[in-house]
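Got two chains here, each in a separate frame; can you build the complex from them with the hints?
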Amino acid sequence: MSDLAAAPPSPVPPPPVPSHAELFIAFFRITLSGFGGTLPWTRRMFVEEKRWMTADEFNDAFALCQFLPGPNIVNLTMIFGTRMRGATGALACWAGFLVLPFTLMVTVGAIYARFGDVDALRRVLVGIAAAAAGLLISTVVKMALPLVKTFGPAPFVFAATALAIGAMRWPLLPVLAVLVPISIALSFWVRR
Amino acid sequence: MKIDDGVLLTLAIQFAVMALLAFGGANAVVPEMHRQAVEMRGWMDERQFADMFAISQAAPGPNVMIVALIGYHVAGFLGALVTTLAMCGPTAVLAAVLSNFWDRFRDAPWRVAVQAGLVPISVGLVGASAIVLTGVADRSPVAIAITVATAAAAYWTRWNPLWLIGIASLAGLAGLI
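Here the protein sequences line up with chains A and B, keeping their order.
Take the first sequence: its letters are residues 1 to 192, numbered as in our numbering.
Take the second sequence: its letters are residues 1 to 177, numbered as in our numbering.
If you are wondering where the hints come from, they were derived from the structure by calculation, not from laboratory data.
Check each hint, because a few of them may be wrong.
Stated by the list, open to error - Here are some chain A residues the structure puts well away from chain B; computed CB gaps all over 10 Å: (1) P18; (2) H20; (3) A21; (4) R44; (5) K50; (6) T54; (7) V74; (8) F97; (9) L125; (10) I137; (11) S138; (12) T139; (13) R169.
What the hints assert, rightly or not - With the C-beta cut set under 7 Å, the calculated list includes, among others, these residues of chain A facing chain B: (14) V106; (15) A177; (16) R191.
All C-beta atoms, glycine included, are put in the ideal place defined by N, C-alpha and C.
The following block holds chain B by itself, in its conformation from the complex (with noise of 0.2 Å):
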C-alpha cells in the first residue's frame, strides 16, 4: 500500500488540532473524530467506527488509543504512529510547561474561575460522546437494551466494568443483537 504523504499531514495536524480542544479527555474528541473520519472524509463507514471505539475501550491501556487505531485503518503503521504523536505530544509538553505555572497561581481567583468555567465544557463534550455513540452503536432494539443495562450496572453497582463488556461481547457472539 502507497501512502502519500498528503494523508499523514492530514493525520498530523488535525489530530494535534483536536488534542489541544480535548478538553476532558481523548473521550471528549470523540464526536469529532468521527465528524472528520466518517462525515468528511470518508476515511471509514459507521461501522467501522464503532468497532474502533469498541476495540479501544475493551483494549488495556488509554482510551486515547483510538487513534492509532484510526491511524492504522487509514495510513497502515506510520499513520498509527502520526495520530498517537500528534494526540499524545504537544499536550503533554504543553501541561508540563504549565505545571510549574499553575502551581504557583494556586490561589489566584482568576485560576478558580478559568477552571470552575472549563469543568461544564469538559463534562459537556463528554455527553456529546455519549450521544454520538449512542447513534452509532444502537442499531437494534437489543442493542438499546445492553447500552441502557450497562449504564444502569455501570451507574448503581461497583461490578468491574470489563465484566459487563464481556456479557455483551457473548451476547453479540450468540447472536442476540
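Isolated chain A (complex conformation) (with noise of 0.2 Å):
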C-alpha cells in the first residue's frame, strides 16, 4: 500500500464490453426518455453513464452521422454497435432504438386514423404545427449562422439548396445529383 501515493490520481479502468441484452436495453432506455430529441440523452448514457465511449469518440461518431446520409442518431446505433458487438451487436442497439418508437406512431397513427377529423384534436395539431415549423426555423438559423460567417461557397451552396428544395419544389435526386458534386469541387478548390 505504500506506493499508492505514487499512483496517479484514480486510472479509471475501462468497463467491460457490454453484452447484446445490455446494449438493447441502453437504446431502449434512451428513447424512454427521449422527449425532446434523443441526442442528449445518447451522450449521456454513452458517455457519462456506462463511459462506453469517451467524449472526443462520441464527437468523432456523431459528426460522421451528420455527415452520411440517413437518420442520424439511427445510424449511431449501429456504427456504435458494431464496434462492441459486430454485426449482431448493431442490430441489438438499432432495435432497442426503434422498437418502442415504432409501437408509438404504430398507435398515434391508429388514434390519428379513427380520430383525426374530431374539432379539438385538429385545434391542438395546427397549434403544434406552428410551433415545429418555428423549432426547425431557429434549428436552421443556428447551423446557417457559421456557414454565412465563413468566405467561400458555402453560404451560396446552402441558399441554393434551400431554394431549389424548398421554393422551387425539385425532386431531390437531380438538385443533389447537381449540387453535390459541384460543392465538393468547390470546397476542394478554395483548399488547394
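Written out as C-alpha cells, the structure reads:
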C-alpha cells in the first residue's frame, strides 16, 4: 500500500464490453426518456453514465453520422453496436432504439386514423404544427450562421439547396446530383 | 383494408432512396416526402401532412418516425413497418461499414473537402424543410405569429422546446388560431 500515494490519481479502468442484452436495454431506455430529441440522452448514457465511449469518440462518431445520409441517431446506433459486438451487436442497438418509437407511432397512427377529424384534436395539431415550424426555423438559423460567417462558397450552396428544394420544389435526386459534386469541387478548390 | 403489394414496394423503394439522399438527417427530406405523398401520389392532403409532421415532432423518439405515420396512413401496419425499415435500415448499415474506413482517412485532404462540401448541402436541405413546413402550417396570421414567436424563443432562450409546443397546442385548443 506504500506506493499508493505515488500512483497516478485513480486511472479509471475501462468498463467491460456490454452484452447484447445490455446494448438493447440501453437504447430502449434512451427512447423512454427521449422527449425533445434523443441526442442529449444518448450522449449522457454513453459518455457519462456507462463510459462506453469517451467524449471525443462520441463526437467523432456523431460527426460521421451527421455527414452521412440517413437518420443521424439511428446510424449512430449501428456504428456503436458494430464497435462493441459486431453485426449482431449493431442489430441489438438498432432494434432497441426503434422498437418503442415504432410501436408508439403505429398506435398514434391508428388513433389519428380514427379521430383525426375530431375538432379539438384538429385545433391542437394546428398549434403544434405552427410551433414545430418555428423550432425548425431556429435550428436552421443556428446551423446556417457559422456558414454565412465563412467567406467561401458555403453560403451560396446553402441558399441554392434551400431554394431549389424549398421554393422551386424540384425533386431531390436531380438537385443533389448537380449540387453535391459542385459543392465538393468548390470545397476542394478553396482549400488548394 | 386490402393492401396491394404494389403500394408496399413503392413505399419501400421511395423511402430507401430518400434515406440515401437524406444528408442532414430525417428533417432534410421532409420536402421530398411532402412532394411525393401529397403532390405526386395524392396519398394525403396538405393538412394531414402537417398533422403528421406535428405529431412526429411532439412525440418522444427520433423525428424520423414521421415515416411510420406516413406508412401507416398509406398501408396500415405493414406500411409503417416497410417505411421504417426502408428509412432506418440501409443507411445505418452503410454508416457502420463506412465508419472504420472513414477513421482510417481521418486526416486525408479529400476527406476534409468532402465533409466541408456536404455541410452547406445538409443545412440547405433543412432550410428547405423549414420553408415547406412554414407554408403548410401557417395558414392564418395567428399561426404565423406562433411560428415567429417559437423560432425567436428557441433561438434566444434555452427553454425546453416541449414548453413551446405545449403553449402552441393550448393556443390551438382554445381556438385562437
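Non-interface label on A/F97, tested against every C-beta of chain B at 10 Å
8 Å, violated
Against chain B, is A/A177 within 7 Å by beta-carbon distance?
Nearest chain B Cβ about 9 Å off; hint violated.
Using Cβ atoms and 10 Å as the threshold, tell me whether A/P18 really stays out of contact range of chain B.
17 Å, holds
10 Å cut-off, C-beta based - A/I137 kept clear of every residue in chain B
It is violated; A/I137 is separated from chain B by about 4 Å at its closest Cβ, not greater than 10 Å.
Mind verifying the non-interface call on A/K50? Its CB should be farther than 10 Å from each CB in chain B.
19 Å, holds
Decide, holds or violated, for the assertion that all CB atoms of chain B are farther than 10 Å from the CB of A/R169.
6 Å, violated
Would you check whether the claim that A/S138 is not at the interface survives, using Cβ distances to chain B and the 10 Å cut-off?
4 Å, violated
Say whether it holds or is violated: A/H20 keeps its Cβ farther than 10 Å from all Cβ of chain B.
16 Å, holds
If I take the minimum Cβ distance from A/A21 to any residue of chain B, is it greater than 10 Å?
20 Å, holds
Per the stated criterion, does the least C-beta distance between A/T54 and chain B lie above 10 Å, as a non-interface residue requires?
14 Å, holds
Assertion that A/R44 lies farther than 10 Å from chain B (Cβ)
15 Å, holds
Given A/R191 as an interface hint, is the shortest Cβ-Cβ distance to chain B below 7 Å?
The hint holds - A/R191 has a Cβ within 7 Å of chain B, the shortest such distance being about 6 Å.
Checked against the numbered hints listed earlier, the structure breaks hints 7, 8, 9, 10, 11, 12, 13 and 15; every other hint is satisfied.
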